[in-house]
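Asker: Okay, here's what each chain looks like letter by letter:
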Amino acid sequence: MAELRALVAVKRVIDFAVKIRVKPDRTGVVTDGVKHSMNPFCEIAVEEAVRLKEKKLVKEIIAVSCGPAQCQETIRTALAMGADRGIHVEVPAAEADRLGPLQVARVLAKLAEKEKVDLVLLGKQAIDDDCNQTGQMTAGFLDWPQGTFASQVTLEGDKVKVEREIDGGLETLRLKLPAVVTADLRLNEPRYATLPNIMGAGPKASASGNGSADVAPMEAGCRRLGQGRPVNRGLPCAESQEEED
Amino acid sequence: MVPHLVPRWPVCLFQWRAACTLGACVPQSAWAGASRTPGPGSPRGAVGTSPLVRRGGSSSSSRAPEVMLTRERYPVQRLPFSVVSEEDLAAFERITPGRVVTDPEELEASNVDWLRTVRGCSKVLLKPRTTEEVSHILRYCHERNLAVNPQGGNTGMVGGSVPVFDEIILSTALMNQVISFHGVSGILVCQAGCILEELSRYVEERDFIMPLDLGAKGSCHIGGNVATNAGGLRFLRYGSLHGTVLGLEVVLADGTVLNCLTSLRKDNTGYDLKQLFIGSEGTLGVITAVSILCPPKPRAVNVAFLGCPGFAEVLQTFSTCKGMLGEILSAFEFMDAECMQLVGHHLGLISPVQESPFYVLIETSGSRAGHDAEKLSSFLEHVLDFGLVTDGTLATDQRRVKMLWALRERITEALSRDGCVYKYDISLPVERLYDLVSDLRARLGPKAKHVVGYGHLGDGNLHLNVTAEAFSASLLGALEPYVYEWTAGQRGSVSAEHGLGFKKKDVLSYSKPPAALQLMQQLKALLDPKGILNPYKTLPARA
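Chains L and S supply the protein sequences, listed in that same order.
The first sequence begins at 1 in my numbering and counts up one residue at a time.
The second sequence begins at 1001 in my numbering and counts up one residue at a time.
Treat each hint with caution, since some may be false.
Facing chain L, from chain S, some residues (calculated, C-beta under 7 angstroms) [to be verified]: (1) V1178; (2) L1380; (3) D1391; (4) G1392; (5) Q1398.
The hints are simulated quantities; they were obtained by calculation from the structure and are not laboratory data.
Here a beta-carbon is modelled for each residue, glycine too, at the ideal position from N, C-alpha and C.
All chains should be built: construct the whole structure from the sequences, respecting the hints.
Answerer: The structure is reproduced here in C-alpha cells:
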C-alpha cells in the first residue's frame, strides 16, 4: 500500500481573478506581466495526492509541469503543498503557445511509464482552454483505466474507487491500478502552503532539474487562427456593456 | 456588504433604562417567539404591527425584533426644534418631487443603525439628487427651524448616522453619480452618495484604486466616509482622508453652497476650509461632492498571514517589516488567538496556520511582482529564522488573498454573534497596544465572556471588544470609565477612527483639552447657529 507512487500534472495558467484582455492583433490574450498561478483544478489534484500521502497510502508524489521557465513557480507551489519531487518539461515560450492536450498527454504518458507510477492525477480541465482532454488522452496512451470528474477518491489495495460527478448525479467506479484520475471541484479544499514548506520548496525544486531531454513534445497538430471577444448578442447582461477591444 | 446578524436579546435589557450611561454596549435581540412583546416602553409594542420573525424563511427577508428607541433608552431631551407639518411635507414635495418618504416601514431601516443599538423616530426621509436640491432643503429647514440628520450608508459604529428624535433624514442615496475622473492624475470627482465599493470598481477598471478600504465598503457612501474621516485598511500606506481629499462641495446650515471642489494638488490660497468638514460628522455642513486623489493600482499584491508567539514578537515583526519591506508595505494588521477562535466558531473560517497567541496579516502592494516577491521572501526567511514568527502562509492569487483578509475583516461579524458586545476603538502608543487587553482580562475575570484585541497595529489603533452573554450594568461599570481613563493615561485617543457620533460625544474630553473643546463649540455656533445639523451628536451640549 505505501508502495504507491503518484504523478500529478500541474498547469500554469492566468490567475482566474484577472480580467482577460485580447491582444490587439487578435492572435491571443495578453499574458505579459499578467498574474499567473496554478490551475485551480490542478491544485485540487495536488491536494488529493498530499492527503493520500498523509494517509500513508502513497509513498512519493512527483509534480510535473510542461511549459516555459516560469512553470518552475507552479512546481514550487506543488512542492510547498507537499509533493516530493518536481519535473519541469521545458518548452520554449514561443512553442508553449501551441502546446495542447495531445502533446502534454504524450509527455505525461511517457513520464508515467518512466517513473513507474501507479496513479496519475490531474485537474479535470484547465481554466484557460477548458479542453478537458489531457487526462483522458493520457489514459488512452497508457491504456490505463480512467476515473474523470472525481468528487471522491478512495484507494483500496490494488484498486481505486472513484466517485464521479456526471450529469445524472454521481457514478461510482472501481478501477484497477495503475489508473488516471482527474479532479473535479468538490473533491477537496486545497490547503494553504505554510511558510516553512514554501521556504523549503526552493531547494527541493532545484534538485529535481528538468527532464526535458528525453521527452520532447511532438509537433503541434493544430494551429490557433485567432482569438476575440464574444460578439454582443444583445442579451441583457452586465458583460454586454463592456466595449470591444 | 452588511452581514446578516443573528442576535440574542435578553428580556432583562428592557428594564435597564435609568441605569444606562452612554456606553458602547451593543445588546443583541433574540429570535423572540411571536408571543414575546418588545417591551413596556416601545410605542409599537403590539407585535402585530411590525414584521414578525419568519422562521424558516430566507435569512435576508426575516427581521429581528425592534430596537429600543434612543429617547427611551438614553437620558436625552428633545431640543425645541419645529415639528414637521403637512405644509413642510408639501414644500419638500416641491423641492424633491416623488422622493419624500413618509411610509413608516420604509423609514424603519433608516431610523436604526447598523449595530442595532440606537433608533430614532423620524417621520420623513428626503432623497435629493443634486446639490441644488440639498441647498433648497437646508434653506427651508433653517428658516423653519427643523432639525436635519444627513445619512449616507448608515454603517457608522457610534450611532451618528440615525436620528435621535424626529430629525429629518437627508439621504445621499440618489446622489450617486461620478462627475469626472482624470485618467492621468487619478483624481476622481463624484457626488457624496457614491458607494465606496462601486467607486473602487470604477477606478480599478481604469487602473487606479481608492485610497481607502474598509469592511463596510459595500454599503458606505464616500460622503459619509469623508464626514467621519474614515480610516480603514489602507491607511498605513495612503494616509488619512485629510490628505487624499483635494476638494469638497458642502452645503451649509442655511443653504449656502460652499464650492471648494478643486482638483488641485496644491492650493495655498487662504485657510484650508475643507479640513473643517472632513471628520465633522455632518454637524458643520452637508457634504455633497468630493474630489479625491486615487493611487495607481498595484500590479502585485501579496498577503502573508503569520503566527507570532507573543506581542513583543509582533512588534519586532512590525519593525523588521518596515525596514525590509519599506515602501511596498500596504497593511499591517494584528489579531489575537481569541479572535481566531471566534471567527472559527461563529463563521466556520479555518485558520491557515497553526495555533498561535497572535496573528499578523501583512499586505504588500507594488509595481513589480518579482521585486516584491524577493523582498517578501527575504523578510519571511528572516522572521522565521529569528523566531519572531512560528508559522505562516503566503497568498499571491486573488482568491487566497480574499480568504486571508476575511479572517481579519469578519471579526466584527463574529463578535456580533457572540453576544452583547462592548466596543472600544482606541489609539495608543504601539508598544502598549495590547497591555489594555491583558489588563482588562484580569480586571473583568469571569464577568466577561471574551475580551479580544485586534486592529491596525501599523496605525497604533486597537479595536478592543468585550463580549458577554447579556448586557450587564456592572460589567459596563467595570469597563467605563476605566478604559477611557487608561487611554487618557497613555495620552491616547478614545476614538481612533469611529468618531464620536451619539455614543461617544461625552468622552471627548479624555483626549482633548478644554480649550480645544471650547473652540470646537465656537466653530459649531458660527457655522450652525440654530444647531439644526445632526443635533445631539459629536460635541457635548454646551454647559
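Asker: Does each hint fit the structure? Answer for all of them.
Answerer: Now the hints, each set against the structure:
1. V1178: At about 15 angstroms, which exceeds the 7 angstroms cut-off, the nearest Cβ of chain L leaves the hint on V1178/S violated.
2. L1380: Check passed: Cβ of L1380/S comes within 6 angstroms of chain L, closer than 7 angstroms.
3. D1391: holds, 6 angstroms
4. G1392: Cβ of G1392/S sits 4 angstroms from chain L, so the hint holds.
5. Q1398: Hint holds; Q1398/S Cβ to chain L Cβ min 3 angstroms, cut 7 angstroms.
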